[in-house]
Each structure stands twice: as structure tokens, then as C-alpha cells.
Amino acid sequence: MEHAAALLVQMIFSSDVRMQTLLKDQTASPEAAAEFLKPWYQAMLMMIKSAEGFDQGPTTHRQGV
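Numbering (the numbering used here), first residue to last: 45 to 109.
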């Protein structure tokens, strides 16, 4: 899950010039960039975990069918 979240954040920032500009304007070092991206990563991770739990719910009911 952690890798998927990191890839999603990377895709968001690599595909949108406005996000790249925001990242450049807000950070002066790799460490600052990592701190800036941390909330994005955490949000993606939460979304993935939420979606995974949602996907597992209905399948457990179908296994007995």
C-alpha cells in the first residue's frame, strides 16, 4: 500500500505543471520537499486503505454464494 500511495503522489506531481510549480516554490531542499509531500502521501495512503476495506466488504458476502 505504501508504494502505491507514493506512486500516486508522484503521478499527481509529475503530470500537473501547477503542482510542480507549487512544489518548487514551497521547497528549497530535498528534505523540505519530503515534508511538503508528506500530507499528500498520507492522504493517498488513507484513500487506498479505505478503498481496500470497501472492496473486501462485499466479497466476503459473495464467498458463500
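Hints listed in this document are in silico derivations from the structure and should not be mistaken for laboratory results.
Take the hints with a grain of salt, since some may be wrong.
[What the hints assert, rightly or not] Calculated pairs, DSBU-like style, for lysine-lysine (alpha carbon to alpha carbon, straight line, at most 35 Å): (1) Lys68 <-> Lys93; (2) Lys82 <-> Lys68; (3) Lys82 <-> Lys93.
[Unchecked claim] Computed spacing ranges between beta-carbons, pair by pair: (4) Glu96 <-> Ala72: 11 to 21 Å; (5) Ser94 <-> Ala72: 28 to 38 Å; (6) Ala95 <-> Ser73: 10 to 20 Å.
No residue lacks a Cβ here, since even glycine has one placed at the ideal position from N, Cα and C.
Comparing the hints with the structure gives:
no.: 1; hint: Lys68 <-> Lys93; verdict: holds (29 Å)
no.: 2; hint: Lys82 <-> Lys68; verdict: holds (15 Å)
no.: 3; hint: Lys82 <-> Lys93; verdict: holds (16 Å)
no.: 4; hint: Glu96 <-> Ala72: 11 to 21 Å; verdict: violated (36 Å)
no.: 5; hint: Ser94 <-> Ala72: 28 to 38 Å; verdict: holds (33 Å)
no.: 6; hint: Ala95 <-> Ser73: 10 to 20 Å; verdict: violated (33 Å)
Comparing the model with each earlier hint shows violations of hints 4, 6; every other hint is respected.
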